[in-house]
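Colleague: Terminal number for the sequence shown in the working numbering: 306, no gaps in between.
Treat the hints loosely; a few may be bogus.
What the hints assert, rightly or not - Computed Cβ-Cβ distance ranges for the label pairs, DEER-style:
1. N177 with E228: 35 to 45 Å
2. D51 with T72: 14 to 24 Å
3. A266 with S286: 20 to 30 Å
What the hints contain is simulated information worked out from the structure, not anything from laboratory work. Everything numeric in this text was worked out from a predicted model, so none of it was measured. Every residue, glycine too, gets a C-beta built ideally from N, C-alpha and C.
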Amino acid sequence: MNGIFLLSAMVLCVMALAFVVYPLLREPRQETGHSRRAINLRVHRDRVRELDQDLATGTLTQEQYDTALADLERELLDSGSIEPDAVDNNAAHEARGPRRVAAIAAFASIAVLPFMAVGLYLGVGYADEVFATQLPPGEMASMQEPAPASDEAMQRQFERLAQELQGRLAQNPDDLEGWILLGRTLTFMDDLAAAERAFREAMVHGGDRDPNLLTRYADVLAERQGSLEGEPRELIERALSIDPDHAQGLWMAGSLAFEEADLDAARRHWERLLGVLPDDSPEADIIRGNLSQVALSAAEG
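Could you build the full structure based on these sequences and the hints that come with them?
Modeller: Set out below in structure tokens:
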């Protein structure tokens with residue numbers, strides 16, 4: 006595609022130059038036939054020849070011949086035909102000027118026109134697409150839709166991120182956001198012990214008033230100990246005291262109440278959460294299922 010376009014552009018450029026350069030370099034068309042000066046000279050010679058014949062045959066006397074010849078020469082002077090060299094030199098000098106200008110214009114067109122065309126195309130055309138390297142369709146599709154990273158590749162990326170965060174926090178241990186991000190990264194890596202330490206550092210550096218951090222920290226502790234009892238309960242309650250409509254806090258509080266068979270408390274937390282979530286969200290469907298389970302357990306009890 007690119008090669009065809011470039012070849013077509015080159016052919017069109019040569020054709021355009023031909024239309025411009027040919028008229029400029031073409032020699033002006035010479036006049037056919039004899040000029041008026043040449044005609045006058047021929048007529049003069051013929052008339053002189055006739056006078057010579059008349060003198061030889063005795064038709065004219067010598068005096069008449071001389072008078073007629075003088076008249077012919079006067080007519081020739083009046084016509085301007087006896088200065089041919091001066092006239093030809095002036096005409097040639099006058100014609101050389103326009104031809105020189107035409108040659109300069111032709112060579113300037115050859116030198117400038119292609120660069121002007123390329124510059125205009127680069128400015129307003131699709132040069133990136135034309136000069137880009139063409140790839141086979143399969144490779145183009147793979148570039149347009151990159152394959153998702155494997156679990157191993159994502160694991161390596163998060164490990165590198167965790168190392169970078171640890172190095173940065175060693176230089177600036179008061180970076181609250183850095184500790185939170187490190188805790189979340191370690192949680193994804195399933196290193197819950199290290200994640201717990203990172204969240205605890207975040208709590209020390211001002212995160213104890215952040216309901217998001219409180220619930221994340223409670224979730225890590227609950228997963229490590231296998232229950233929401235103890236410190237996780239305290240963290241959930243603190244998060245809901247800061248933000249009573251915190252979605253993660255209501256979810257966890259309802260789960261804790263359901264584990265303890267406190268169905269009223271579970272229903273209360275999950276109904277409040279259902280009012281916070283969008284009606285058409287997947288989470289809302291899960292909460293409706295939990296409430297149905299609460300209702301079924303209450304009916305059985």
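Colleague: For the range 14 to 24 Å, tell me whether the beta carbons of D51 and T72 fit it or not.
Modeller: Roughly 18 Å apart at Cβ, these two residues keep to the hinted range, so it holds.
Colleague: Between A266 and S286, does the beta-carbon spacing fit 20 to 30 Å?
Modeller: holds (28 Å)
Colleague: Quick check: does the Cβ-Cβ distance between N177 and E228 fall within 35 to 45 Å?
Modeller: Since N177 and E228 have Cβ atoms about 29 Å apart, the given range 35 to 45 Å is violated.
Hint violations for this structure: number 1 only, all remaining hints satisfied.
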